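From first to last, the protein sequence lines stand for chains R and B. Using the working numbering, the first residue of the first sequence is number 1, and each one after it goes up by one. Using the working numbering, the first residue of the second sequence is number 1, and each one after it goes up by one.
For the record, the hints were derived by calculation from the structure and aren't laboratory data. Among the hints, a few may not be true.
With the C-beta cut set under 7 Å, the calculated list includes, among others, these residues of chain R facing chain B [stated by the list, open to error]:
(1) Leu89
(2) Arg90
(3) Gly112
(4) Ala113
(5) Gly131
(6) Arg199
(7) Gly263
Derived SDA-like pairs: lysine to any residue, alpha-carbon spacing no greater than 20 Å straight-line [as the list claims (entries may be wrong)]:
(8) Lys212(B) / Phe233(R)
(9) Lys212(B) / Ile197(R)
(10) Lys276(B) / Gly12(R)
(11) Lys212(B) / Gln228(R)
(12) Lys324(B) / Thr92(R)
(13) Lys5(R) / Thr46(R)
(14) Lys212(B) / Pro189(R)
(15) Lys276(B) / Ile197(R)
(16) Lys324(B) / Gly12(R)
(17) Lys408(B) / Ser119(R)
(18) Lys251(R) / Glu279(R)
(19) Lys276(B) / Lys255(R)
(20) Lys255(R) / Gln210(R)
(21) Lys276(B) / Gly201(R)
(22) Lys255(R) / Gln273(R)
(23) Lys212(B) / Leu232(R)
(24) Lys324(B) / Ser119(R)
(25) Lys324(B) / Ser88(R)
(26) Lys122(B) / Gly427(B)
(27) Lys37(B) / Gly382(B)
(28) Lys212(B) / Arg199(R)
(29) Lys156(R) / Gly181(R)
(30) Lys212(B) / Thr191(R)
(31) Lys22(B) / Leu374(B)
(32) Lys209(R) / Ser119(R)
(33) Lys234(B) / Asp258(B)
(34) Lys212(B) / Ser109(R)
(35) Lys276(B) / Glu11(R)
(36) Lys422(B) / Thr17(B)
(37) Lys324(B) / Lys255(R)
(38) Lys212(B) / Thr46(R)
(39) Lys212(B) / Met192(B)
(40) Lys5(R) / Gly196(B)
Keep in mind that this is a model prediction, so the values were computed, not measured. Cβ atoms here follow ideal geometry from the backbone N, Cα and C, with glycine treated the same way.
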Amino acid sequence: MNHRKHLLGLEGMSAEEITRFLDTAESFKEVSERSVKKVPALRGTTVANLFFESSTRTRISFELAEKRLSADSVNFTTSGSSVSKGESLRDTAQNIEAMRVQMIVIRHSAAGAPHFLASLLNGSVINAGDGAHEHPTQGLLDMFTLRERWGSFAGKRVVIVGDLAHSRVARSNIHGLVTMGAEVVVCGPPTLIPLDIERLGVSVEVDLKQALEGADAVNVLRIQMERQQRGLFPSIDEYARRWGINRQALKNAHKECIIMHPGPMNRGIEIAQDVADGENSVILDQVTNGVAVRMAVLYLLSGGSALENEETTPQQTETRVREGKQVA
Amino acid sequence: MNLNQLSHRSYIIDHVTIVDPKKNAAYAGYIVVMDGKIDAVEKGRAKESSLPVYNGGGLHLAPGFVDIHVHLREPGFEYKETVATGAAAAIAGGFTSVACMPNTSPAIDDRAVVEFILNQAKLAGLARVYPIAAATRGRKGEILSEYHELVEAGAVAVTDDGAPVPTAEMVRRVLEYAAPLGIPFIEHCEDMSASGEGVMHEGFYSTKLGLKGIPAFSEEACLARDLVVLKSVKGARFHAAHMSTRGSIELIRRAKEDGLPVTAETAPHYLCLEDKDLETYNTNLKINPPLRGHEDRLAMIEALKDGTMDCIASDHAPHAAHEKQVEFNAAPNGSVGLETMFPLVVTHLVRAGHMSLPQALALITHRPAECLGLPGGTLARGADADLVLFDPEEEWTVRAEDLHSRSKNSAFIGHRVFGSVKHTLVGGVNVTATRIGV
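Bound conformation, chain R alone:
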């Protein structure tokens, strides 16, 4: 298999490659369960986390993943646009690479910012969320969490509810889940459903009850108050009543319908308290799995070169990872 250099999105990624990420993450999840949560897989590799948009969980998740792989990491955080700071994204990234950083994790409010960096830099670029475009590691961790429960995606109905127009989580989920053979339904106020989204292979259902009919999982997107202020939907109250996920809304869903949320949650708005904390909720599993998935992503993106002089099968690699051996 060709070695992937960047992870910019899940669009166009094959089922085989997605499976490889998920399988590798399984090995790393085991590492996180140990008392000594560290393998030397990325020893000597420097990773920069460039967060141009505020993020707590994704940044911490990446940092932990890097530490558990024994990578050296540095953090660059700034809110607001880099342009207003006086230095362009191009200069910032090139400066950081000039310090011989091999991998760059970027979160940015502008769609395509990771692609821009990938075109400029020699190192690997990992998209940690770009505008309303993609959030591939979130997509992978959501799929990882579902696969843990299901084993396979075939015949499963996944409903994504909320602000599809502004959601990078939704897009990465759609690309990945459709590729893996799940049926994907998107649901939300018509003003938050972007044009021609059906062409991504999903069906659109405005009515939540219809959407949840027979659902095997529902991924609840965060609703941002700012959208209401911009006139995209009339009120938080009406949103919560029509598109909020509560026990009543889930009546026609599958009994074991899995509840997901990428966080942070607005409890009582897009998701009811009892649903968020209910027995079918995997919201905290998602967070746990996020670290393992990001370890897998960092490892596989760097791994090709680290393994190039050795005849190593993926199984052997996994074994080494399990044993905590250095793979360089």
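Once you've looked at the hints, dock chain B against the given chain R.
Using the frame of chain R, we list chain B on its own:
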């Protein structure tokens, strides 16, 4: 004699294929230039004459191209382009006349600015430059500019291009005040409330790329408003700039059927690029109006064939490299276009089989000139000898480093195109060599 050494004011250029767009004709012939003006255009080979005879070497000879929508950025943004560098790009692209937009700093809303631009053009001594004045002072949409002063100084039309005239009331005042002067009002059709923070055409690809969309109706709603206002103003002339959507084509078609004094232009990028080309987030393809969908592009080619669209203009919009090498959302709109328009027309309209070479050249010669009432774009006897000699077969690749414009933000970098300009003559003078070193 070699055309590179052309130094006379009166001469014959022999052994060329004459392309006369107005007569829809192309034939082997020669041209007689007397004192910088066209004296005769004839079939066959030149006869014995007392005039010096230059050998055209089988090149095609056509009226110099006319571009009625360019941004020369001077005054105010000389780091992007100047009148001189823009005129050099024009000459390299075969253009002998360009009309420049008023979104400069200060805007072209004062006769001193018109005179300054004309003087800069004269100093450059390359293409003819026709300033278009701001429709409202400072392009703010509040107070009319001094049209009488501006026209007297040399302005040929009014527009707030870069932005629309904001209200129906103001559009009415602009049309009323411009009408007796015989100058057209050029509208940048955009409903700013519909465009919002959009950065590309709204459709499947904006959804997929996660970029904010600009709906087609942003352009169409503004155009429809203006056309309704136009009906109520006697004697006004209206020209729609950079049309990009199917809906706009329909509106223009109906307005023309209703006998309204309407003309319209589109730009080369709407004929050969689409929203799906933005998948690489290439900021050189960030243009306003945005690159539209596949169906819009095909409809635009048809609209040129059936005459609904009158002409093609480049919307040459230079931006510095550091301005374009940023996140897609942060990049300014526009692509340079003067040096690629002619080969794109040859490649995508002529070689693609949509129209003949004379028909295609009509779209970049007399048709745009007529939209603004400019001289040029013609081989008529007595007209200035503004001419272009080119090889329509020569294939080349657009490279940033070969462009004469001060800015290299071309949406067409890497494109293989056909048609290469060899000589551009203004008033009978070969200015092709002069432009080197600008």
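How the hints compare with the structure:
1. Taken as an interface hint, Leu89(R) checks out: its beta carbon lies about 6 Å from the nearest beta carbon of chain B, inside 7 Å.
2. Look at Arg90(R): its Cβ gets to within about 5 Å of chain B, closer than 7 Å, so that hint holds up.
3. The interface hint given for Gly112(R) holds, since its Cβ lies 3 Å from the closest Cβ of chain B, which is under the 7 Å cut-off.
4. Below 7 Å, beta-carbon pairs count as interface contacts, and Ala113(R) has one with chain B at about 5 Å; its hint therefore holds.
5. The criterion of a C-beta within 7 Å of any C-beta in chain B is met by Gly131(R), whose closest approach is roughly 5 Å, and the hint holds.
6. Hint status for Arg199(R) relative to chain B: holds, with the closest Cβ pair at about 5 Å, below 7 Å.
7. Given hint, Gly263(R) at the interface with chain B, is violated; its Cβ is 19 Å from that chain's nearest Cβ, farther than 7 Å.
8. At most 20 Å may separate the alpha-carbon atoms for a hinted pair to count; Lys212(B) and Phe233(R) meet this at roughly 17 Å.
9. For the hint pairing Lys212(B) with Ile197(R), the CA-to-CA distance comes to about 14 Å; that is within 20 Å, so the pair holds.
10. The straight-line distance between the Cα atoms of Lys276(B) and Gly12(R) is roughly 15 Å, inside the 20 Å bound, and the hint therefore holds.
11. A hinted pair counts as satisfied when its Cα atoms are at most 20 Å apart, and Lys212(B) with Gln228(R) qualifies at roughly 17 Å.
12. This hinted pair checks out: Lys324(B) and Thr92(R) have alpha carbons roughly 16 Å apart, not beyond 20 Å.
13. A distance of roughly 15 Å separates the Cα atoms of Lys5(R) and Thr46(R); the hinted pair therefore holds under the 20 Å criterion.
14. Between the alpha carbons of Lys212(B) and Pro189(R) the distance comes to roughly 18 Å, so the proposed pair stays at or under 20 Å and holds.
15. Straight-line distance between C-alpha atoms of Lys276(B) and Ile197(R) comes to about 15 Å, which keeps the hinted pair within the 20 Å bound.
16. The hinted pair formed by Lys324(B) and Gly12(R) fails the criterion: a straight-line CA distance of about 27 Å is larger than 20 Å.
17. Taking the CA atoms of Lys408(B) and Ser119(R), the gap is about 18 Å. The hint holds against a cut of 20 Å.
18. Proximity of Lys251(R) to Glu279(R) is assessed by CA-CA distance (about 15 Å); at most 20 Å being required, the pair is judged to hold.
19. At most 20 Å may separate the alpha-carbon atoms for a hinted pair to count; Lys276(B) and Lys255(R) exceed this at roughly 42 Å.
20. Note on Lys255(R) and Gln210(R): the hinted pairing holds, with a Cα-Cα distance of about 16 Å set against a maximum of 20 Å.
21. For the proposed pair Lys276(B) and Gly201(R), the alpha carbon gap of about 17 Å is at most 20 Å, so the pair holds.
22. Only pairs whose Cα atoms come within 20 Å are accepted, and Lys255(R) paired with Gln273(R) is accepted, the gap being roughly 18 Å.
23. With a CA separation close to 14 Å, the supplied pair Lys212(B) and Leu232(R) stays within the 20 Å bound.
24. Only pairs whose Cα atoms come within 20 Å are accepted, and Lys324(B) paired with Ser119(R) is accepted, the gap being roughly 14 Å.
25. As the CA atoms of Lys324(B) and Ser88(R) are separated by approximately 11 Å, the hinted pair is consistent with the 20 Å bound.
26. For the proposed pair Lys122(B) and Gly427(B), the alpha carbon gap of about 13 Å is at most 20 Å, so the pair holds.
27. Simply put, Lys37(B) and Gly382(B) have alpha-carbon atoms about 6 Å apart, close enough for the 20 Å limit, and the pair holds.
28. Distance restraint check for Lys212(B) and Arg199(R): the Cα-Cα separation of roughly 17 Å lies within the 20 Å cut-off, and the hinted pair is therefore satisfied.
29. Among the hinted pairs, Lys156(R) with Gly181(R) is consistent with the structure: their alpha-carbon atoms are about 8 Å apart, no more than 20 Å.
30. Note on Lys212(B) and Thr191(R): the hinted pairing holds, with a Cα-Cα distance of about 13 Å set against a maximum of 20 Å.
31. With a C-alpha separation of about 15 Å, the suggested pairing of Lys22(B) with Leu374(B) holds against the 20 Å cut-off.
32. Note on Lys209(R) and Ser119(R): the hinted pairing is violated, with a Cα-Cα distance of about 44 Å set against a maximum of 20 Å.
33. Using a Cα cut-off of 20 Å, the hinted pair Lys234(B) and Asp258(B) holds, with the two alpha carbons roughly 14 Å apart.
34. A hinted pair counts as satisfied when its Cα atoms are at most 20 Å apart, and Lys212(B) with Ser109(R) qualifies at roughly 12 Å.
35. Pair hint Lys276(B) plus Glu11(R) holds up; C-alpha atoms about 14 Å apart against a cutoff of 20 Å.
36. Of the pairs offered as hints, the one joining Lys422(B) and Thr17(B) holds, with about 14 Å between alpha carbons and a cut-off of 20 Å not exceeded.
37. A threshold of 20 Å between alpha carbons decides the hint, and for Lys324(B) with Lys255(R) the separation of about 52 Å lies outside it, so the pair is violated.
38. Distance hint between Lys212(B) and Thr46(R) is unfulfilled; the C-alpha atoms sit about 34 Å from each other, more than 20 Å.
39. Proximity of Lys212(B) to Met192(B) is assessed by CA-CA distance (about 14 Å); at most 20 Å being required, the pair is judged to hold.
40. Simply put, Lys5(R) and Gly196(B) have alpha-carbon atoms about 36 Å apart, too far for the 20 Å limit, and the pair is violated.
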